[in-house]
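> Residue strings, one per chain:
Number of protein chains: 2
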Amino acid sequence: MTKTPQELAEALRLLHPDLHVSGPDALAGRDPGEHPKNLDAGVMASPSSTEAAAALIRWCNEQDVVIVPQGGRTGLAGGCESRPGDVILSSARLNAIEAINEEERTAIVQAGIGLQALQEAAAVHGLTPGIDLPSRGTATLGGMASTNAGGLLAFRNGVMRHQILGIEAVLPDGSVFSDMTRVVKVSAGTDLKHLLIGAEGAFGFITRLVVKLEPLRPFRATAMLGVNNAASALAVAAHLIRAPGLTLEAAEMMWPLFIRDHARIRNFDLSWLPEEASAFIVEVSAVSEEAAISGLEEALAEIWEAQDLQGGIVAQSLDQARRFWVLREESGFYYDIYKDPISLDVSLPPAALDAYVAGLRQRLYALNPDYHAYVYGHIADGNLHLTVARDRPQDEAEVLRIEDAVYTGIREAGGSFSAEHGVGFEKRHGYENYSDPVKRALAISIKRLLDPKGLFNPGKVPFA
Amino acid sequence: MTKTPQELAEALRLLHPDLHVSGPDALAGRDPGEHPKNLDAGVMASPSSTEAAAALIRWCNEQDVVIVPQGGRTGLAGGCESRPGDVILSSARLNAIEAINEEERTAIVQAGIGLQALQEAAAVHGLTPGIDLPSRGTATLGGMASTNAGGLLAFRNGVMRHQILGIEAVLPDGSVFSDMTRVVKVSAGTDLKHLLIGAEGAFGFITRLVVKLEPLRPFRATAMLGVNNAASALAVAAHLIRAPGLTLEAAEMMWPLFIRDHARIRNFDLSWLPEEASAFIVEVSAVSEEAAISGLEEALAEIWEAQDLQGGIVAQSLDQARRFWVLREESGFYYDIYKDPISLDVSLPPAALDAYVAGLRQRLYALNPDYHAYVYGHIADGNLHLTVARDRPQDEAEVLRIEDAVYTGIREAGGSFSAEHGVGFEKRHGYENYSDPVKRALAISIKRLLDPKGLFNPGKVPFA
Numbered sequence: 001m002t003k004t005p006q007e008l009a010e011a012l013r014l015l016h017p018d019l020h021v022s023g024p025d026a027l028a029g030r031d032p033g034e035h036p037k038n039l040d041a042g043v044m045a046s047p048s049s050t051e052a053a054a055a056l057i058r059w060c061n062e063q064d065v066v067i068v069p070q071g072g073r074t075g076l077a078g079g080c081e082s083r084p085g086d087v088i089l090s091s092a093r094l095n096a097i098e099a100i101n102e103e104e105r106t107a108i109v110q111a112g113i114g115l116q117a118l119q120e121a122a123a124v125h126g127l128t129p130g131i132d133l134p135s136r137g138t139a140t141l142g143g144m145a146s147t148n149a150g151g152l153l154a155f156r157n158g159v160m161r162h163q164i165l166g167i168e169a170v171l172p173d174g175s176v177f178s179d180m181t182r183v184v185k186v187s188a189g190t191d192l193k194h195l196l197i198g199a200e201g202a203f204g205f206i207t208r209l210v211v212k213l214e215p216l217r218p219f220r221a222t223a224m225l226g227v228n229n230a231a232s233a234l235a236v237a238a239h240l241i242r243a244p245g246l247t248l249e250a251a252e253m254m255w256p257l258f259i260r261d262h263a264r265i266r267n268f269d270l271s272w273l274p275e276e277a278s279a280f281i282v283e284v285s286a287v288s289e290e291a292a293i294s295g296l297e298e299a300l301a302e303i304w305e306a307q308d309l310q311g312g313i314v315a316q317s318l319d320q321a322r323r324f325w326v327l328r329e330e331s332g333f334y335y336d337i338y339k340d341p342i343s344l345d346v347s348l349p350p351a352a353l354d355a356y357v358a359g360l361r362q363r364l365y366a367l368n369p370d371y372h373a374y375v376y377g378h379i380a381d382g383n384l385h386l387t388v389a390r391d392r393p394q395d396e397a398e399v400l401r402i403e404d405a406v407y408t409g410i411r412e413a414g415g416s417f418s419a420e421h422g423v424g425f426e427k428r429h430g431y432e433n434y435s436d437p438v439k440r441a442l443a444i445s446i447k448r449l450l451d452p453k454g455l456f457n458p459g460k461v462p463f464a
Numbered sequence: 001m002t003k004t005p006q007e008l009a010e011a012l013r014l015l016h017p018d019l020h021v022s023g024p025d026a027l028a029g030r031d032p033g034e035h036p037k038n039l040d041a042g043v044m045a046s047p048s049s050t051e052a053a054a055a056l057i058r059w060c061n062e063q064d065v066v067i068v069p070q071g072g073r074t075g076l077a078g079g080c081e082s083r084p085g086d087v088i089l090s091s092a093r094l095n096a097i098e099a100i101n102e103e104e105r106t107a108i109v110q111a112g113i114g115l116q117a118l119q120e121a122a123a124v125h126g127l128t129p130g131i132d133l134p135s136r137g138t139a140t141l142g143g144m145a146s147t148n149a150g151g152l153l154a155f156r157n158g159v160m161r162h163q164i165l166g167i168e169a170v171l172p173d174g175s176v177f178s179d180m181t182r183v184v185k186v187s188a189g190t191d192l193k194h195l196l197i198g199a200e201g202a203f204g205f206i207t208r209l210v211v212k213l214e215p216l217r218p219f220r221a222t223a224m225l226g227v228n229n230a231a232s233a234l235a236v237a238a239h240l241i242r243a244p245g246l247t248l249e250a251a252e253m254m255w256p257l258f259i260r261d262h263a264r265i266r267n268f269d270l271s272w273l274p275e276e277a278s279a280f281i282v283e284v285s286a287v288s289e290e291a292a293i294s295g296l297e298e299a300l301a302e303i304w305e306a307q308d309l310q311g312g313i314v315a316q317s318l319d320q321a322r323r324f325w326v327l328r329e330e331s332g333f334y335y336d337i338y339k340d341p342i343s344l345d346v347s348l349p350p351a352a353l354d355a356y357v358a359g360l361r362q363r364l365y366a367l368n369p370d371y372h373a374y375v376y377g378h379i380a381d382g383n384l385h386l387t388v389a390r391d392r393p394q395d396e397a398e399v400l401r402i403e404d405a406v407y408t409g410i411r412e413a414g415g416s417f418s419a420e421h422g423v424g425f426e427k428r429h430g431y432e433n434y435s436d437p438v439k440r441a442l443a444i445s446i447k448r449l450l451d452p453k454g455l456f457n458p459g460k461v462p463f464a
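Residue numbers (the UniProt record's numbering), protein chains in the order written: chain A, 1 to 464; chain B, 1 to 464.
Just so you know, the hints here were simulated from the structure itself, not pulled from any lab data.
Note that the structure is predicted; figures quoted are calculated from it, not measured.
Among these hints, one or two may not hold up.
[What the hints assert, rightly or not] Here are some, though not all, of the chain A residues that point toward chain B, as calculated from beta-carbon distances under 8 Å:
#	residue
1	194
2	449
3	461
4	464
[Unchecked claim] Partial selection, computed: residues in chain A whose CB lies under 10 Å from chain B:
#	residue
5	30
6	32
7	176
8	191
9	371
All C-beta atoms in this analysis are idealised placements derived from N, C-alpha and C, irrespective of residue type, glycine included.
Construct the complete structure from the given sequences, taking the supplied hints into account.
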């Protein structure tokens, strides 16, 4: 009954002139992205118009064929995994920037546009999307909407949900939801575009977006500091936020194990940083590069003693600043050290971070004295990335115990077991044990309402 | 079959010790708020705990009794209207501030807390909610969440949706939805709290909220300027946003008819303002009051000629600033001039405002040369309040023609027929003719899913 990828490809080619179809041969050998099974379906449909996407979705609905929506395949929770018999619905050919409205500070884009492509186009107008993240080169705006992406600037601008003004999407029944408002003030009945943001493809396929843009502030200064703890880093961040003439653009902390192991691999000289100190990257902008550098130096001097800073370097060139950022952004280095580490992504009220990290260390040690966690993240919004390194593959029950050690206390502290990576299928344990059961039941009800056959991204959140 | 208000009151009194019940006698003569029929149900249940609210909702569900949730009854679209046989579910006794977390910049509040009460409590910590609106004295946070309120600061902070981090609510089946996160980064499955924000009571009763707070900036300077058009006002606002050392706190424009009629009623001297000019109130903050006043004067001088400003006054005292604000905020003065004016509330991309107002004037004139519109609003986010004044009561068909004249072109321009007042039942024409039909159908489906008996605020948006 289930069609082969080849059969599916042949049938799809007849559906709509704007639908490009790649079969198993074309997909063979292509980079699957962050999850090795992303392309396992073996057939990918790439519409270049909303109508073609709708035609595909209606056909799949009639034929009971599963649809796996994909953007840049940078998702870290398995949300794009596919299987033979499924159809991958890719936004790759919905990649136009339809308009950048300079005065209005909005961009109207198709969902498959990459973040960096939009950043570059907006920069011509002195603008930038208010969201930035290390996977900017491959992540698409549609995918970022689907996971409610956060990134480096959330402490200032909020997350994708706050930067999206309008959405067009094809719902699972093939109808086109079209709410392409370009204003921040909308009180016009339940704002259902917010049901699509963060839905990870469960409720339909996003085709177009209106994104708020922010002024580009190109003149930067970057420092890497030694800090004793998160409280100290947060005090430095708060001081820089208040510093006249400066705008804080990033505040990224790397706990000792992370910065030590990473610096060693990259031959980055850390002799200035005491063993027990964390590294803290701050970046500010000002009216000129000189003003940014001198302003940053002054502001740090003001707070140096009070926060007992453990050394630090203000980058004197863009190249030096980039070397700092490589240490933070190329965070996958631990895959070279440990086989199969467990990567998680949580958020907590920032004031709770030090106590959380101390507790986590104890809980991991209690599980196994060999376990240790690489901890780093977007300190000003309380988002920690955690990679639990271990020397031998663990059975599934042990993995769940490790996850429990990471998630313990997060909900009670007002945080979230998943901050910005989404749930996919890999975070199912966290979702089902560390979120509100009434919310989960409601999500399943809505999933069944919108997608009664369960054809959109099944097996993943909300696990209907 | 339908119980009388007296019978309902007697039955409700037995339900839960935390449920205060007011019957027809207690409600007689009480101020109904913005809509004269808000209290027509004649029975009001005021829980002081989430459990009591849930008990009430379960009982109403069993008994098929309609529930009308109410906060401060300041809604301007009839969203709180009630009828005999209904039960009003009031948040008046859910009015505690549970915590203000200074370092975290969050407040945990019960839904019935008034905006001004929260402003005053937060001010002790040097903080303030990022939302402000003229009805601050009566509007509640729960009601503001239910209409996704906007107000004066949306151009800077966004609307309620952007300031709410967590929500607890009782759903129509009596279950308690509890997502009281206190972090900005959440990617943990569809974020269903956003279904409750802006739902105007259709999907349940909000009991508790986590609200983001912003730094209080108490040192202000206020000016009232004469401007030729919205483009000029927007240029002034943009200049003030960029001005070093200043933070723009408000940018409110009043078109000539509004400012002339209002100033006359209040004996406010407008001799300095040319007849054809609009009035534009700007407020900035700085490190001291003196710095705010001198900074504002300097910044205005820099842009005065380029924007051809038509006179203006920088307030030299708080009292003078308050007199400017009375002209903007006491906007109901036209009820003293015209019987039954039609008040609407739209949003447009700010750059489209001048063309829209010019077109509106033509459309109204074509309907009837006697019609004219009072136009004023939050210029920097494109939110206009529009009151169409007319000398004689009109039949219903004529009212719809006036609404069509106001709403024409708004959706195409990327705006919304309702910006911040909500839909209630009074904006049904706009809702059903100027929003996406797929979105409306989906809202009805979700309404039937959550509230199959249609007991929560029936007859109002989404008109299921």
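> State for each hint whether it applies.
Checked hints:
Interface hint at residue 194/A: satisfied, since its Cβ lies 4 Å from the closest Cβ of chain B, which is below the 8 Å cut-off. At about 5 Å, the closest approach between the beta carbon of residue 449/A and any beta carbon in chain B falls short of 8 Å, and the interface hint on this residue holds. For residue 461/A, the interface hint holds, the least distance from its beta-carbon to any beta-carbon of chain B being 5 Å, beneath 8 Å. A distance limit of 8 Å between C-beta atoms decides the matter here; for residue 464/A the minimum to chain B is near 11 Å, and the interface restraint is violated.
At about 27 Å, the closest approach between the beta carbon of residue 30/A and any beta carbon in chain B exceeds 10 Å, and the interface hint on this residue is violated. Taken as an interface hint, residue 32/A does not check out: its beta carbon lies about 22 Å from the nearest beta carbon of chain B, beyond 10 Å. Annotation: interface hint on residue 176/A holds; nearest CB of chain B at approximately 6 Å, less than 10 Å. Hint on residue 191/A holds. Least Cβ distance to chain B is approximately 5 Å, under the 10 Å limit.
Given hint, residue 371/A at the interface with chain B, is violated; its Cβ is 24 Å from that chain's nearest Cβ, farther than 10 Å.
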